[in-house]
Amino acid sequence: MLLPVLAFVLGIVSWTFVEYAVHGWMAHLYPTFVQRIHAVHHRDPRAVFAIGAWPFVALLLIVPAAVWGICLSTLFLCGLVSGFASYEIIHYRLHFARVLTPFEERLRRRHLVHHYANPEVCLGVSTSFWDRIFHTEPNPEQLKKLLPKIAKFAPLEGPTNLRQAPRLMFGAWLQSVWR
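For the sequence shown, the positions run 786 to 964 when our numbering is used.
Don't read these hints as lab results, they were simulated from the structure.
Computed from a predicted structure; not experimentally measured.
Each residue gets a CB set at the ideal place from its N, CA and C atoms; glycine is no exception.
Errors might be hidden in some of the hints.
To be verified - What follows is a set of in silico ranges between Cβ atoms, one per label pair, in the way DEER data are often shown:
no., residue 1, residue 2, range
1, C856, Q820, 33 to 43 Å
2, L857, F919, 21 to 31 Å
3, S871, A850, 12 to 22 Å
4, I918, Y877, 20 to 30 Å
5, P816, P887, 30 to 40 Å
6, F938, Q820, 17 to 27 Å
7, C856, F881, 36 to 46 Å
To be verified - With a straight-line Cα cutoff of 25 Å, these simulated SDA-like cross-link-like pairs (lysine to any residue) come out:
no., residue 1, residue 2
8, K930, D916
9, K937, V906
10, K934, R883
11, K937, Y901
12, K929, R878
13, K930, F914
14, K934, F888
15, K937, H823
16, K937, T921
17, K934, Y901
18, K929, H827
19, K934, R893
20, K930, E905
21, K934, H813
22, K930, P940
23, K937, N903
24, K930, F919
25, K929, T912
26, K934, R894
27, K937, I874
28, K930, R883
29, K937, A882
30, K929, L814
31, K930, R917
32, K929, L941
33, K937, Q927
34, K930, E889
35, K929, A902
36, K929, V884
37, K929, P940
38, K934, E890
39, K937, E873
40, K937, S913
Required output: the full structure, derived from the provided sequences and hints.
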């Protein structure tokens, strides 16, 4: 019973690295196709960035589960997809919701610093762990200097592009693949 739980938890933890790699390296630090897509979210945070990834994520889970059934590797993938879903919820809340906990407040401050003060720091959204590992976490003094730049930003109001999800999920994804 312990191995299946560990496989699932390892999938969640692995997601945090994938999140950092995609958002940090592919969307900010190195020129990739992800930069164009992600730039839309930085111009307008109401634009949900990762919505176009859901078809690929679904296939990542469905195909191995259909081929191998429930085994350690598919439980790992379930953890990975659960991490992605959690990231999506956290990211939405950081932009649109009133914070509920001190942890969420810390994540929101870091993410707003990333968006509005310095896009080359605080690249992790759901955790700062990889920022500390890869030296993209501002030290406390640097963070203190950046915080006044985000003081005026309240949670966003109004619609997101979520209602356009079917078109965005397939249209933007196909455009990025075929360019």
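Review point. Hey, K937 versus S913, does the alpha-carbon distance stay inside 25 Å?
Key: The given pair, whose Cα atoms are some 23 Å apart, holds under the 25 Å limit.
Review point. Taken at face value, is the distance from the CA of H823 to the CA of K937 at most 25 Å?
Key: Holds, because 23 Å separates the two Cα atoms, which is no more than 25 Å.
Check your understanding: Given the hint that K937 pairs with V906, does the C-alpha gap stay at or below 25 Å?
Key -> 19 Å, holds
Exercise for review: Starting from K930, check that the Cα of E905 is at most 25 Å away, please.
Suggested key: Holds, at about 15 Å.
Check your understanding: CA of K934 to CA of R883, is that 25 Å or under?
Key -> 19 Å, holds
**Study point:** Agreement of K930 and R917 with the hint, judged by alpha carbon distance not exceeding 25 Å
**Key:** Satisfied, since the Cα-Cα distance of roughly 18 Å is no more than 25 Å.
Review point. Given the hint that K934 pairs with Y901, does the C-alpha gap stay at or below 25 Å?
Key: 7 Å, holds
Check your understanding: CA of K929 to CA of T912, is that 25 Å or under?
Key -> Roughly 19 Å between the alpha carbons, so the hint for K929 and T912 holds.
Check your understanding: Between K937 and Q927, does the CA-CA distance stay at or below 25 Å?
Key -> 19 Å, holds
Practice item. With a cut-off of 25 Å on the C-alpha distance, tell me whether K937 and T921 pass. Key: 24 Å, holds
Review point. Given the hint that K929 pairs with L941, does the C-alpha gap stay at or below 25 Å?
Key: Satisfied, since the Cα-Cα distance of roughly 23 Å is no more than 25 Å.
Exercise for review: Mind checking the alpha carbons of K930 and R883 for me, to see if they're no more than 25 Å apart?
Suggested key: Between K930 and R883 the Cα gap is close to 23 Å, so the pair holds against 25 Å.
When held up to the earlier numbered hints, the structure conflicts with none and fits them all.
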